Amino acid sequence: MAKVGVYVCHCGTNIAGVIDVEAVRAHAETLPEVAVARKDLFMCSDSGQEMIKQDIRDGLVDRVVVAACTPRTHEPIFRAALEAGGLNKYLFEMANIRDQDSWVHANDPEGATAKAKKLMASAVGKAARLQPLEDKFVDVTKAALVIGGGVGGIFSALELADMGYPTYLVEKEPSIGGVMAMLDKTFPTNDCSACILTPVMVDAGNHPNVKLMTYSEVEDVDGYIGNFTVKVRRKQTYIDWQKCTGCGACAEACPVRTTNEFNQGMDKRPAAYIHFPQAVPKKAVVDMEHCINCAGRKLGQEPKISKKTGKPMLAPCELACPADAINRSLPLDPQGRIEEIKVGSIVVATGFQVMDKGWFKEMAPEHPNVITALQLERLISATGPTGGNLYMPSTADKKPKTMTFVSCMGSRDEKFHTYCSRVCCMYMIKQARLLKEKYPHMNIYMHFIDVRTAGKDYDEYYVGARKMGVNILKGKVGGLQIIDDHRLRVLAYDMEAGTPVEYESDLVVLATAIELPESAKKLAQTLGLQFCGSNFFKELHPKLGPVETSTRGIFLAGCCQGPKDIPDTVSQAKGAAGAAAVPLAQGKVKIEPILSEVITELCSGCGICVPLCPYDAITLKIHAEKPRAEIDITQCKGCGVCTSACPSAAIVLHGYEDEQIYAQIAALTA
Amino acid sequence: MSFSPNIVGFACQWCTYAGADLAGNLRCKYPPTIKLIRVPCSGRVEPEFVLEALARGADGVLIGGCHFGDCHYKEGNYKTSRRMIMFKKLIEDAGFDPRRFRLEWISGAEGKRFAEVAEEFTKELQELGPNPIKGGTA
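These protein sequences, in sequence, are chains A and B. Going by my numbering, the first sequence opens with residue 1, and the numbers climb by one from there. Going by my numbering, the second sequence opens with residue 1, and the numbers climb by one from there.
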């Protein structure tokens with residue numbers, strides 16, 4: 001019979017303040033499978049772990065149960081202690097008597113103690129039936145994938161590439177650069193965004209270890225840490241990028257005018273276009289959704305022959321291209337093509353989107369002079385639609401005399417997002433400062449719930465704005481009234497003066513919240529990522545695992561994990577790259593043996609399990625002339641769906657065997 | 001004073017088990033009726049486990065998994081859903097009120113939701129009374 005050692009943790013007063021630890025320990029002694037039952041102030045401390053190791057060395061115990069916090073954080077620590085003591089580390093089970101007991105039943109110490117006894121007995125029942133398991137090791141593909149080519153993705157890719165690992169950088173737009181490329185200047189130094197970002201983009205484009213895959217999207221990710229197979233859709237560019245020199249002649253010739261996403265819809269772009277002037281790679285694409293098929297000729301058709309000249313009538317873009325990169329006679333597949341790549345680890349850096357102003361009906365979103373902060377950024381950028389001159393969008397040549405900034409649009413608001421978007425206070429202050437420098441006579445009003453300036457040199461930057469004469473008001477803007485096509489009335493409240501405020505404004509800027517883009521949400525399922533309460537990707541641990549995810553080998557960087565500014569994004573991106581490089585540097589990765597296995601003798605070959613497996617890990621193979629299921633352990637992730645479904649009970653999920661679970665049920669219902 | 005039901009919960013380790021941990025972090029309060037058994041995926045839970053728990057006198061059984069689209073194993077929760085919705089219809093034949101069995105999708109971010117479910121389920125079971133095997137009526 002197994003000799004189970006039970007170790008009950010006080011966790012200081014976290015557990016012992018509610019639960020009678022001694023009673024739980026004493027109850028353990030009454031269980032037939034328990035050989036030793038002890039307690040300690042902190043089981044995870046050196047002395048606590050040493051207690052376990054000593055009992056193993058003394059031959060007193062051959063299975064270990066720790067009744068303490070959650071296995072989600074502490075199981076690895078105690079498993080390592082078992083191993084150090086000389087016991088197979090999988091002969092361990094935790095009873096969660098803190099997170100799921102003392103912390104939630106503090107008002108019922110008796111009930112909490114009774115529950116702790118049951119949870120402990122359940123763990124003992126399972127532990128007594130655990131089997132030793134061996135870790136398995138597999139070779140690693142020494143290459144990495146970074147999804148998202150914003151500033152975070154670029155830095156992750158460069159770090160990995162500098163460490164010597166071939167790195168694929170996948171970006172859905174035609175160029176890398178992300179939102180940072182749209183910004184005019186950056187706080188708190190007023191560095192020109194393009195001036196600091198463009199050289200890094202060029203580095204990424206030229207690095208021998210970085211393979212740029214722009215205008216591409218990740219469609220499917222298969223495999224596991226060390227050995228991912230990724231299907232990337234290379235979207236159809238309709239222009240031969242081998243030949244395209246990025247001269248822009250096609251864009252000049254194209255007669256179409258459609259919404260320019262890069263300028264946040266503040267002007268128009270042709271259907272044949274280059275993403276933005278500093279694009280990397282600097283290549284043109286044709287937006288086929290808006291292409292008008294000049295000369296009445298659809299893609300893939302031979303050109304009509306002119307009756308006058310007898311020559312083929314080509315589209316303006318074809319005619320304009322000096323590099324012969326556009327040929328509309330080719331029957332190009334609108335779906336593009338799928339490229340399959342193999343990598344060992346993945347950094348997800350899919351960034352953010354800002355909320356649309358249309359959500360805020362009280363803010364007259366239909367008025368041309370109500371814009372989002374990112375739209376303002378384009379209006380004041382030298383590469384923007386007005387060449388950096390701030391004009392009221394309703395006029396196209398008049399400067400606003402009075403301007404208003406409204407913070408927390410959709411952030412810290414129970415109707416939309418309860419979180420703080422973190423960057424809005426600072427970028428509004430930046431925009432106000434830049435405008436005040438350029439147009440000292442402009443009246444600028446800023447309405448904040450609070451001004452949040454946590455960051456190096458940030459508060460000084462804010463105080464500077466006040467000194468420059470920016471009017472900063474604490475209090476909410478209740479709404480905007482349209483006066484005419486050019487002006488709005490701002491209805492606000494000044495909490496410090498304790499009075500309502502009303503004034504006329506020529507331009508209102510809404511600091512709309514940061515959220516995870518829709519395109520990133522689709523990725524979650526193929527990557528096996530979860531969402532946090534704010535609907536960003538969930539990291540492994542909010543403090544100790546900020547770049548890791550619950551899927552081993554997949555890491556997070558930047559705003560896809562939660563709102564952050566550029567310094568924080570770059571820090572996290574470099575951190576994620578470091579973490580992603582670990583398995584690549586090790587060369588081999590451990591596969592935990594919590595996996596399913598078929599007992600061939602019990603398998604009847606019915607094949608029910610085969611289509612159930614989400615990873616196609618099960619195949620029917622011939623054993624002694626009969627079909628029998630077989631599980632590829634490099635594909636299996638240990639969900640146990642097959643185990644539950646097998647009518648012959650021929651599939652064992654190691655670590656979660658039927659016998660173990662029945663013992664837990666018995667203990668909980670005893 | 002109504003009785004304190006005994007609830008056996010099967011919780012997927014990625015979502016509901018994490019949600020229960022979060023309830024602890026947030027110091028949510030709920031009655032100490034529910035005790036979780038950690039499983040990798042709600043898809044690991046066999047209908048037999050639920051029957052076994054009821055047959056051994058558990059007053060209620062909960063299976064907690066990830067929301068659709070959130071499954072760590074892509075689609076394990078869909079399988080649970082199909083399997084357990086059918087199973088719920090059979091529970092009555094085994095002599096148990098189907099309300100003794102609950103299937104809930106609780107994410108790792110929904111600590112509060114976990115506490116609410118535990119509270120609600122406890123109340124419902126208090127109304128139903130003890131498991132008939134232990135002398136209850138339904």
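Please keep in mind that the hints were generated in silico from the structure rather than gathered at the bench. Small disclaimer: the values here were computed from a predicted structure and weren't measured. Check each hint, because a few of them may be wrong.
[As the list claims (entries may be wrong)] Pairs of lysine-lysine, DSBU-like flavour, derived with a Cα cap of 35 Å: (1) A:Lys211 - B:Lys89; (2) B:Lys88 - A:Lys543; (3) A:Lys415 - B:Lys74; (4) B:Lys74 - A:Lys522; (5) B:Lys134 - A:Lys564; (6) A:Lys342 - B:Lys74; (7) A:Lys268 - A:Lys399; (8) B:Lys29 - A:Lys172; (9) A:Lys415 - B:Lys89; (10) B:Lys134 - A:Lys415; (11) B:Lys134 - A:Lys543; (12) B:Lys29 - A:Lys89; (13) B:Lys89 - A:Lys574; (14) B:Lys74 - A:Lys588; (15) A:Lys399 - A:Lys342; (16) A:Lys521 - B:Lys29; (17) A:Lys3 - B:Lys134; (18) A:Lys298 - B:Lys88; (19) B:Lys89 - A:Lys543; (20) B:Lys112 - A:Lys476; (21) B:Lys88 - A:Lys521; (22) B:Lys74 - A:Lys142; (23) B:Lys29 - A:Lys268; (24) B:Lys89 - A:Lys474; (25) A:Lys564 - B:Lys29; (26) B:Lys88 - A:Lys136; (27) A:Lys89 - B:Lys112; (28) A:Lys564 - B:Lys74; (29) B:Lys74 - A:Lys235; (30) B:Lys134 - A:Lys522.
Cross-check of the supplied hints:
1. A:Lys211 - B:Lys89: It is violated: about 55 Å lies between the C-alpha atoms, which goes past 35 Å.
2. B:Lys88 - A:Lys543: With a Cα-Cα distance of about 40 Å, the restraint between B:Lys88 and A:Lys543 is violated, given a limit of 35 Å.
3. A:Lys415 - B:Lys74: holds, 30 Å
4. B:Lys74 - A:Lys522: holds, 12 Å
5. B:Lys134 - A:Lys564: With a Cα-Cα distance of about 56 Å, the restraint between B:Lys134 and A:Lys564 is violated, given a limit of 35 Å.
6. A:Lys342 - B:Lys74: This hinted pair holds, its Cα atoms lying about 20 Å apart.
7. A:Lys268 - A:Lys399: Holds: A:Lys268 and A:Lys399 sit about 21 Å apart, inside 35 Å.
8. B:Lys29 - A:Lys172: violated, 45 Å
9. A:Lys415 - B:Lys89: violated, 39 Å
10. B:Lys134 - A:Lys415: violated, 47 Å
11. B:Lys134 - A:Lys543: violated, 46 Å
12. B:Lys29 - A:Lys89: Holds: B:Lys29 and A:Lys89 sit about 34 Å apart, inside 35 Å.
13. B:Lys89 - A:Lys574: Measuring from Cα to Cα gives roughly 53 Å; hence the hint is violated.
14. B:Lys74 - A:Lys588: holds, 25 Å
15. A:Lys399 - A:Lys342: Distance ~53 Å between A:Lys399 and A:Lys342 Cα, so the pair is violated.
16. A:Lys521 - B:Lys29: Answer holds: A:Lys521 to B:Lys29 is near 32 Å, not above 35 Å.
17. A:Lys3 - B:Lys134: holds, 32 Å
18. A:Lys298 - B:Lys88: Distance ~57 Å between A:Lys298 and B:Lys88 Cα, so the pair is violated.
19. B:Lys89 - A:Lys543: It is violated: about 44 Å lies between the C-alpha atoms, which goes past 35 Å.
20. B:Lys112 - A:Lys476: Distance ~29 Å between B:Lys112 and A:Lys476 Cα, so the pair holds.
21. B:Lys88 - A:Lys521: holds, 32 Å
22. B:Lys74 - A:Lys142: Satisfied, since the Cα-Cα distance of roughly 26 Å is no more than 35 Å.
23. B:Lys29 - A:Lys268: Violated, at roughly 56 Å.
24. B:Lys89 - A:Lys474: violated, 58 Å
25. A:Lys564 - B:Lys29: holds, 32 Å
26. B:Lys88 - A:Lys136: violated, 39 Å
27. A:Lys89 - B:Lys112: holds, 34 Å
28. A:Lys564 - B:Lys74: holds, 29 Å
29. B:Lys74 - A:Lys235: holds, 25 Å
30. B:Lys134 - A:Lys522: violated, 48 Å
In the structure shown, a violation is registered for the earlier hints numbered 1, 2, 5, 8, 9, 10, 11, 13, 15, 18, 19, 23, 24, 26 and 30, in ascending order.
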